[in-house]
Amino acid sequence: MGASGPAARYARADMVAKIVARGAEKRFPTRRGIVVALRDFDAEIAEGEFVCLVGPSGCGKSTFLRILAGLDHATGGEVRIEPGADPRQPLANVVFQEYAVFPWKTVLHNVAFGLEMRGVARAEREATARRWIDKVALTRFADLYPAQLSGGMKQRVSIARALANDPQVLLMDEPLGALDAQTRAVLQEELTRLWEETRKTVLYVTHSIDEAVFLGDRVVVMTAHPGTVKTVIDVDLPRPRDLGVMATPAFAALTGAVWDALRDEVRRAMEEQP
Amino acid sequence: MRRRRAAGGAGVGAEFVRPVGPPPGGHGAWAWPLTALLATVAAGFAFGLWTRGWWALLAVSFVCVVLLAQELEPRLPMRWRGAFQRGLALGFPLALLLVWEALAGSGILNPRWFPPPSRIAAALWELTATYDRFNRTTLLGRPWLAPGAFAESGWAGLAALARESHVGATLGRVLGGFAIGAVPGVLLGMVMGLNRTVRMMLDATMSAIYVLPKIAIFPILMLVFPNPFGEGPKVAVVAISAFFLVAISTMAGVQGIDRVYLEAGRNFGASRAQMLRHVILPGALPIVFSGLRLALGTALIVIVAVEFVRADRGVGFLIYYYWQVLVTPRMYAALVVVMLLGVGLTALLQWVERLVMPWRRG
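So the protein sequences, as listed, match chains C and S. 82 is the number that our numbering gives to position 82 of the first sequence; each next residue is one higher, with no gaps. 159 is the number that our numbering gives to position 159 of the second sequence; each next residue is one higher, with no gaps.
Hints listed in this document are in silico derivations from the structure and should not be mistaken for laboratory results. Please note that a few of the clues may not be correct.
Claimed, not checked - To give an idea of the chain C side of the interface with chain S (calculated C-beta under 10 Å), a few residues:
(1) G114
(2) A147
(3) G151
Ideal Cβ placement from N, Cα and C applies to all residues, glycine included.
Excised from the complex, chain S in its bound form (with noise of 0.2 Å):
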């Protein structure tokens, strides 16, 4: 009341009053969107829609449940609205996992294709908790057994040891390469970015073989390579793919620092070097650490490939294996492993970037 005749108690203040009055569509606007949401669901079990246009009453149920949200929000008080922010953000994965666990659960969907989430975190954890005979692997590795195989066999003991861990390979192959291939594109997009003549030269091939598929020179690797079925070639893949990625963005971060930069180091007597290493470096780090990120994305998705075409251990290995022999759990079970190495990484990368760069913090 006492806002309305703040507003001066004409007819067009009240507009003007509106977001912090009633919401838009009044007091009982929640309720439209739960009862067709309800309805959506109620009719489905009514009338047997579930079976066939599952799809479609879960496209609706989607829009009554942001329609819903999007009116409770403003309801709320300040403080619980963050909290309701990070709800709608777990809420709807977790809801996307309950209707997978129940369509599959009920047939709906083929759960020969599409295992329900729980046999998947089933089958995850025996991949982890058990030892493939066949296939003489496990997922992590078992390092607790490390003093009895370096007692019986020394380090040869140790290092099967060490080759029988899926997870332990494919990271093996991604960080190697992405060490061989990453510091080296580092210094040549140094060079390329402070280098005219350099640039000329390279920068057309570099972009040519920039956007050639790295998994199509694997064959070459293959043959360059004196064992061709060891690890020397899918390492190299990455280190290749990692290499043109970050040296073509540490040229660009290299052209793109400001000139006012290195006109201040100029006229504080920088010399080459200290230009290098107090200006050129650390104002090509953003771009760097972006070209980083993008090469480690692009590394774990050809290690992928390059597994599933070629390897007797490996992430990508083991998807490939389970769906040949059509164990659908473990293969998605694979899959969440990639998604959770694609996740680490990521976040051990910005830990890094953090780390460097401490001026781009908060």
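Okay, chain C solo, but in the shape it has when bound (with noise of 0.2 Å):
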């Protein structure tokens, strides 16, 4: 994937570059030695796009991920969120993996967290809170802390906490992977809803081929470590989606497209990780 030509590679015409990564490096020092996580790493992704990042564990997926967070630093090369027109809207916020909502706030004051360290005023980042609250159906339970909580529900008052925050870029870090397969399916759908509705951009990464192509609106499909980009799929799927898409050949289509890419991949970090 050189770098000529990125527009061509957006979902639309008409979009502009929002985060860009070229020739990105990552290595880390262990005690055997230095490890490299991403190597040449080169990535576009649009205003308004979802992009979905794939690829073996290990190939340093989350690793951009976190950069973009600015919870680590690349080593080398360039990755940058090109700001918006307000320099007071956060750049990038995380859908953690592990769910990440403070078991010390009830939902409310989770979902408001974002809006408090932005010293937002109170009744102000209560009554966003409780709007994006009502939005992943939670309204009941605003209350409650999340020890009281399915983990399902975790992770909706973890999406919620991320976009009450009204980020320009929103990661996530296989936000569903914890799930069980229903709760996963549902979240899905109720992620495409919000996203159609808000439009930001995301990435998002994930291990499931079914849900890269469910969600996005391109898929990356990454090399085995060190991590680069090994090929783009784009997902010309019309939107509004829901779950009955998965049974369509187009669907199957793709999802094959993107596991050819992987499959080797999927091998030769499985070969490399004993």
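Work from the hints to combine the two standalone chains into their complex.
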């Protein structure tokens, strides 16, 4: 995937770049030498695009997401989020794999957390938080603590917390990975619905090919480590989507294409990691 | 019958039905332990075994009661089981007291060293109700004399009145020392948990002092304070023992916070102060409180030991004093007071815990 004509790879021709990575590299010093998690990683994600990142375990897809989230730094190359017009709007918020909702805060205070950190007045931030709690169907649970919620509900809190903060980019790190298959399906549908409402720029890291094709405008397939971009597959399924789309031949063709790109990389990753 | 048929009538089926069928030992299984219990008690009386071998008879009886209770419980309707279990929990100490009463009353136990519980209860009442003219103290204090004392000699009169309470003296030392030690303990523990350099420097030293029995440094504290026999060294020894325990557990609590919460805090733009208040402090609280609970128990142990050695008031002093003058019922009464203090203080701490950690309720 060269840098030539990146706009042609976007879902729509009129899109502008929001996330740009050029020759990104990440090395970790460890006791047994240097581990290269990312190398020559090039990607461009347009404003308002939903891009899914798939790859074998340990290929550095979470590393790329952590760099974007500001939790890690690239050791080479360039990774940046093009800032929007409003400098007060946060750049990127994460929906973590392990929920990471604070057990010591109620649902309401968890969702209002980002706003509170930014100094938004109490009445305003709680009103915003309640709006997002309604959208993720947790209205009745606003004053409960996470320990009183199921896994699926906790992850809804985590999603609402990120969206309530209104970031320019939403980063999701295998957010549904810990859930059972049925809860997962329900949340996948809710996610597409939420995204179609907000049209945020989303980078979504996942293990699941079905999930990637179902949710994304494009699927970026990574190589086994050190991670680079192997190929990018455009998902031209019509929106709004529901789970019924998974039964269509077009869907099967797309997941087949992703798997074709991924198969060898997964093999390689398995051979490298005893 | 219907259950049997549901199992298919096969011989092997009956095995799986057993839990809802007759109990393992058959219908009369409870009769054996009951008979054994009665036989043991009767044999004790018949052959005069109670005087010499009372401990063996009690051990056998205990086993019989356990077997009997185990046989009875599954026979009870579900709604009585809870009451039955509570009955066991309360019944055992009650039975213990009754046996003690009987053994001491019949002279099998020497009532001088093991006065019957009824005597101890009476002694507790005496201690509570009477003013000790010789030591010029009371167990709980006499707050109803406060207006008179204030009218007579002002604040000094009030202070003198407050000083005459044994429980007041012990509680004051425990709570005062606890507060003086725990608050800086939490602060230092936080710093140690957050700053690697400070942790490296202090960890070994703290761990070394932590294992030192704090009573051992009491003599030094008596040297340090201008009045070695005053309240200073006593409060200080409690404070020091609380300080190290709380500091070490707070450090562990801060270090034990799941990384993902710290990352979430950072990702949502928390400043250092916000991080401390919204993530680190609440995240460490459960472990901090388990440290506080330990520290409270230790504080009580330390203060009683210190009051043995060097005090003219306090519950520890009472125990030691009544041992010296050989009024054992009152000595036991003071022990009961220590137990009640421990229970009360623990309950207080649990109440505070529920108050500051509402998310751990239920």
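Query raised in the report: Any of the earlier hints contradicted here, and which numbers?
Result: Per hint list: single violation, 3.
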